[in-house]
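Student: Based on the provided sequences and hints, a complete structural model is requested.
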Amino acid sequence: MEKETITSSKIFTVGLFGNPNCGKSTLFNALTGLRQKVGNFPGVTVDKKIGQLSLSSGETVRLIDFPGTYSFYPNSQDERIAVQTLIDQGAQDYPDAILYVADVNHLEKHLLLFTQLYDLGLPIVLALNMADQAEKDGLAVDVKKLQQSLQAPVFLLSARTGEGIEAFKNGISDLIQKQAENTQRFRQLSAAEKTISENIKRQFPRLNDYSALLYAHHYQWLPFLSVEQKARIESVVEETNFESLKLQVNETMERFNKFTPITDSALVSSQTDGDTRSLWLDNILTHRVLGPLIFLAIMLLVFQAIFAWASYPMDLIDSLFGQLVEGVQQVLPAGWVTDLITDGILAGLGGVVIFVPQIAILFFLITILEEVGYMARAAFMFDRVMQFFGLNGRSMVALISSSACAIPAVMSTRNIANWKERLITIMVSPLISCSARIPVYTVLIGFVVPVGTVWGVFNQQGLAFMGLYLLGIFAAFASAWVFKKVLKTNESSYLMLELPSYRPPVMRNVWLNVWEKVKTFLLEAGKVIIVISIALWGLATYGPKAAIEQAEQSAIEQATEQNLPENEAADLLAAKQLEASFAGHLGKFIEPAIAPLGFDWKMGIALITSFAAREVFVGTMATIYSIGSEDDESSVRDRMAAERNPVTGDLVYSLPTSLSLLIFYVFAMMCMSTLAVVKRETKSWKWPIIQFVFMTAMAYLSSWIVYQSLV
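Position one of the sequence shown corresponds to residue 1 (our numbering), numbered consecutively onward.
None of these hints come from the bench; they were simulated from the model.
Note that the coordinates shown come from a computational prediction; the quantities given were computed from them, not determined experimentally.
Misleading hints may appear alongside valid ones.
Here are the in silico distance ranges between beta carbons for each label pair [to be verified]:
(1) LYS258 with LEU55: 28 to 38 Å
(2) ILE534 with THR648: 30 to 40 Å
(3) ASP142 with TYR502: 22 to 32 Å
(4) ARG384 with TYR502: 33 to 43 Å
(5) ALA308 with LYS683: 38 to 48 Å
(6) LEU564 with THR648: 12 to 22 Å
Each residue gets a CB set at the ideal place from its N, CA and C atoms; glycine is no exception.
Tutor: Here is the structure:
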């Protein structure tokens, strides 16, 4: 059977599949570069990467990077997405062909999914990745023998170094030109399986034997089947005494029995130094005592780097925005348009862009740890500890990811099969301090911890920064333990994780990931911040006419009485107008509720806007404190540091208030996007509401205790 001929209106779609840690994403980046985008699979929140691949023959291929999958019998939502797409021939992302990526150093483990994909009948190519590591470890591969045994094109390559990539692209081009359906089958169905398959194919004629059998295994959770279709399949299952689990085990064992001799004959290892080195490193990095200490030291270095490395580019960005504001004020005439641009848009945007260096450094270091294979070791090492708190070893990956952003961390819990452990991980992940809190911490730590070093090595503010992260981690584990006692389930818990080989990071992957994350941060946060900054500028500039006029009169009288200089009189007028504005009224309205925490009405405005996104706090403060005299070019941090209580004359950002505000932001659930993702992942408003209430209560109570203890 021949597929339809490609026309200019149809782009050939190729699905990229493979086990986790096979180097699939590295190959995807090598093939597509920056010609890729991130989206969601239809109807779910699972990420998919789509890239454009231009071949030397002139064809353009649409490449879809599917989630890492171990087999057609999934244990996580990510794996389910891959399975349901491949057995639903009407799916939006159904591929015309398959590129299967396997780590040649662990080929036997990776061939299970390949043979299952093979039996679907789609054209398929096998890419044996990490050839450079195989050569280093003395592993020889007989590609021709492997190709003859598997009856499929096989290419040996290294996505890391680029070795074999061009030949692989030519193989893709050949695949497109032939477009012939794969009529071979790696495994023949048993008599019982054949009977079930034939019965289901009568209802779904487009399916082949293996696809029909997969319908019988998975019909209960397949979202594209109607209630009536599920009922018909269920009747077939009951009539044939279908034993799904038993047949899954039998199929898996038969496949291994068939392809294990193939790999044994095609792979020849001349040395085991690589394995010896890996074991030696694992004995140290996953040691019961040394492992956690090394992990803590690595995290300490990460947080030190965030402060130490980012200071110079942050100062440069701060200076550039100051010059930009000054330039706009010189070019444009005085008026509300100029004020909107300088005090609203540029002040709010500059208050976030300045923290890009810190966020980029965080993602850079976390990505390197993932690339070298350390993060998988961390999940393995902490699994026993996680179990005590009702979590899973894979929860460690989600919690570490939360240090970048809680949204992908919540989404990453799909690979946790146990419902209770997954839910607990979702509920506590936002307590880990994310990159959006970095701007808040950076501004406020300066009011709590002076600049300096400990023992001449460790940055004091960096240590405080890490202390806030550790506080969030402690709160996450304590909350998880409580949820463990409250939530009940009969599901068993286990950790299935393949430890990847140690390897140098692919810097192309690292830079692409940093670029993608920073771009997302700027675009997503930037949109929110621009809108809120403009709205805040309007609310802070305008107010009830009578109140504004009274504030102006009061400021003039006070300035005259005290004989204030022109710039101080302008600051006083701005402060009085801000208090009388709509924003001032809003802040005053909630001030009684937050006063016990040491917060004033200006902080109240920032707390409200922060529910859009935590990082908006700094943008809000930048907007609020930019509503002042035009010749004052000091940064938002300097303005906040100089702010004094108009009644007592004391500094507003004193030690008790600043520490209270820091603690509030450590615990508070101030991110609407995270709540929305939690709702989608749990398919209920119940859990995000519980999450919001318990985190807000924890934040309020903790801040109250801190402030009342210090004043």
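Student: Confirm or reject each hint.
Tutor: For each hint, the structure was consulted:
One distance hint, 28 to 38 Å for the beta-carbon pair LYS258 and LEU55, holds here, with the actual separation near 33 Å. A hinted range of 30 to 40 Å for the beta carbons of ILE534 and THR648 is consistent with their spacing of about 33 Å. Between ASP142 and TYR502 the Cβ separation comes to about 26 Å, which falls inside the hinted range of 22 to 32 Å. With their beta carbons about 22 Å apart, ARG384 and TYR502 fall outside the hinted range of 33 to 43 Å.
One distance hint, 38 to 48 Å for the beta-carbon pair ALA308 and LYS683, holds here, with the actual separation near 43 Å. Distance hint check: the CB atoms of LEU564 and THR648 are about 19 Å apart, consistent with the given range 12 to 22 Å.
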